[in-house]
Amino acid sequence: MVWPSPPRGGRKGEVGERDSCDLPPGGAVMAACSFRRSIASQLSKVLDLPPENLIKAISAVPVSKKRHVADFQLSIASLTEDSSTNCLAQDLQLRAQKLAERLKCDAVVSEISAGPGTVNFTINRELLAKTVLQQVLKDGSEYGVKSELFSTVPRQKAVIEFGSPNIAKKFHVGHLRSTIVGNFIANLKVALGHEVTRINYLGDWGMQFGLLGVGFQRFGNKEKLKSSPLQHLFEVYVQINKAAEDENTKKLAKDFFKKMEEHDEQTLSLWKQFRDFSIEEYIRIYKRLGVHFDEYSGESFYQEKSQEVLKMLEDKGLLQKTIEGTGIVDLSEKKDLSSFSTVVRSDGTSLYITRDLAAAIDRMNKHSWDTMIYVTDKGQSNHFQHLFQILKLMGYDWAERCQHVSFGLVQGMKTRRGEVIFLEDVLNEVRSRMLQNMASTKTTKEIEDPVETAEKVGLAALIIQDFRGLLSSDYQFSWDRALQSRGDTGVFLQYTHARLHSLEQMHRNEQLTDVNMACLQEPDAISVLQHLLRYDEVLYRSSQDLQPKHIVSYLLTLSHLAAVAHKTLPVKGSAPELAQARLCLFQAARSVLANGMKLLGITPVTEM
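For what it's worth, our numbering labels the leading residue of the sequence shown as 508, then goes sequentially.
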């Protein structure tokens, strides 16, 4: 794949700096999704069904290597209530043929054919090019999200809890996954017009702080705590853990935590320093990831409220005491304690689930949310099942609207020095590896800020490797695979974006007015246009199951199609009319690529 090198000298432009292609006026141009409406309108007359019922049954056809494929298809099975059992393939085929025969081509549809259980529609080629490109360049970052596929989706208030590391405990790769997955879900919901509150719920309370408090009194250093809090608290925690089996240490830790729960000033003052310094460092690291939170909450906020929750459980007759003195809630259907959840220790101190109950109730009071999503690893599925069950037993019907988005484990993510401990280790590692890779290519010396670029490209590599499969799947991490510049990687997406941007910059002085899109008739141009047509469906699918893999797969295909088109459809040296149309095609491809990357949490680079 040969891309033009960036223009030498001159001003280095940013994304979206030049005006969009100035397209010819001419009445109300049809939106890409109104192709569906036009097809639905004709189908509704023949089938005697409202067009609204048909819109979602008409889908854009994925681009095929076979080249000539239709643009849209109607699945006959989706019109049949008993499609799951009674409809044979032959019957569906026959019905498709009969329906195709009753339909007529018009100004929008130039060809209608029957496939295996589908009716296929090919859009008038001139109209396809003109409509799609006008729509992409007019809507900009809102392309796809304005689609009528979302017209029936109510705008909601969503609370998303993600990130959620434990202060002073070893950073686990799961926290990186939670952060990037939660950020993607929040980005997608915001793009679709929902109101989102992003909460980082820190593990900042619990018995481990008793141990950490005792550890800091023995091994702590105030200066180190200020300069590198996460590193120092982790070192202290490792040291004190070695002594944690000692009965005296255990008792001291228990006493320290009990003092915290009883609001002892001295112990709380030390704990507050742990928390404040850690949050400062987290904010700095999350900024590198391009992630922000609206709220830094934590278990500590709900220590008192958890006592109120216990009182409510008692008043409702849900709290039972065991012989050991612990408090439990019976979750079994037959009330035989075959399933229960422990909500309070024998000494009266609260547990993680008690604080989670208090947090959920408090968030509903504070935010009046429509949906609350927790993003954590699948090992916590049981915990959230119990949490939602107890809330229901307490009479909170909104527990039905709580959702746990779980993800699998990542294996094998290690730095060159060995094991990964902190999130920053991962970010530094990916940046240094990317810098090394860039240094071995010829264009790096032209980059204004190679370190910044390496960070953004490296982060794209991490995100794409993580998002390619189902979130619930475990996967084996590989630095080499993630950082390849060819193939289905984040590096390839960034590379494509940078090259398309450089193409725009090379031709930025050319006036793009009255562009004749109709001249884009080559198969490689049509493939890009057909693919752009599908973007709203891909967004809709991801919005339904909250899986980023649909968008990842779409963007990788878009990049491959753009690379092929770039080879076969040169801008330089073509007739002015054709050059302008091709430039608009590449500009539209870059615009959609950038939109999708941003949803995934990737900042597109403009040079590489």
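Heads up, some of the hints might be wrong.
As a list, the in silico BS3-like pairs of lysine-lysine whose alpha-carbon atoms are at most 25 Å apart [as the list claims (entries may be wrong)]:
hint	residue 1	residue 2
1	873	779
2	899	823
3	761	818
4	794	812
5	664	1105
6	749	765
7	794	765
8	552	645
9	873	818
10	779	766
11	841	765
12	963	899
13	749	761
14	841	828
15	653	794
16	761	779
17	1056	1079
18	963	1105
19	779	729
20	823	664
21	828	664
22	828	731
23	812	729
24	828	765
25	766	828
26	766	794
Cβ-Cβ distance ranges computed for the label pairs, FRET-style [claimed, not checked]:
hint	residue 1	residue 2	range
27	601	702	17 to 27 Å
28	752	992	32 to 42 Å
29	814	873	36 to 46 Å
30	992	731	51 to 61 Å
31	890	596	38 to 48 Å
The hints are simulated quantities; they were obtained by calculation from the structure and are not laboratory data. Values in this document were obtained by computation on a predicted structure and should not be read as measured data. Using N, Cα and C, we set each Cβ at its ideal position, and we do this for glycine too.
How the hints compare with the structure:
no.: 1; hint: 873 to 779; result: holds, 24 Å
no.: 2; hint: 899 to 823; result: holds, 12 Å
no.: 3; hint: 761 to 818; result: holds, 23 Å
no.: 4; hint: 794 to 812; result: violated, 31 Å
no.: 5; hint: 664 to 1105; result: holds, 21 Å
no.: 6; hint: 749 to 765; result: holds, 22 Å
no.: 7; hint: 794 to 765; result: violated, 35 Å
no.: 8; hint: 552 to 645; result: violated, 32 Å
no.: 9; hint: 873 to 818; result: holds, 21 Å
no.: 10; hint: 779 to 766; result: holds, 14 Å
no.: 11; hint: 841 to 765; result: violated, 36 Å
no.: 12; hint: 963 to 899; result: violated, 44 Å
no.: 13; hint: 749 to 761; result: holds, 16 Å
no.: 14; hint: 841 to 828; result: holds, 18 Å
no.: 15; hint: 653 to 794; result: violated, 29 Å
no.: 16; hint: 761 to 779; result: holds, 18 Å
no.: 17; hint: 1056 to 1079; result: violated, 35 Å
no.: 18; hint: 963 to 1105; result: holds, 12 Å
no.: 19; hint: 779 to 729; result: holds, 13 Å
no.: 20; hint: 823 to 664; result: violated, 30 Å
no.: 21; hint: 828 to 664; result: violated, 38 Å
no.: 22; hint: 828 to 731; result: violated, 44 Å
no.: 23; hint: 812 to 729; result: violated, 31 Å
no.: 24; hint: 828 to 765; result: holds, 21 Å
no.: 25; hint: 766 to 828; result: holds, 24 Å
no.: 26; hint: 766 to 794; result: violated, 35 Å
no.: 27; hint: 601 to 702: 17 to 27 Å; result: violated, 49 Å
no.: 28; hint: 752 to 992: 32 to 42 Å; result: violated, 50 Å
no.: 29; hint: 814 to 873: 36 to 46 Å; result: violated, 19 Å
no.: 30; hint: 992 to 731: 51 to 61 Å; result: violated, 40 Å
no.: 31; hint: 890 to 596: 38 to 48 Å; result: holds, 45 Å
Consistency note: the structure conflicts with the earlier hints numbered 4, 7, 8, 11, 12, 15, 17, 20, 21, 22, 23, 26, 27, 28, 29 and 30.
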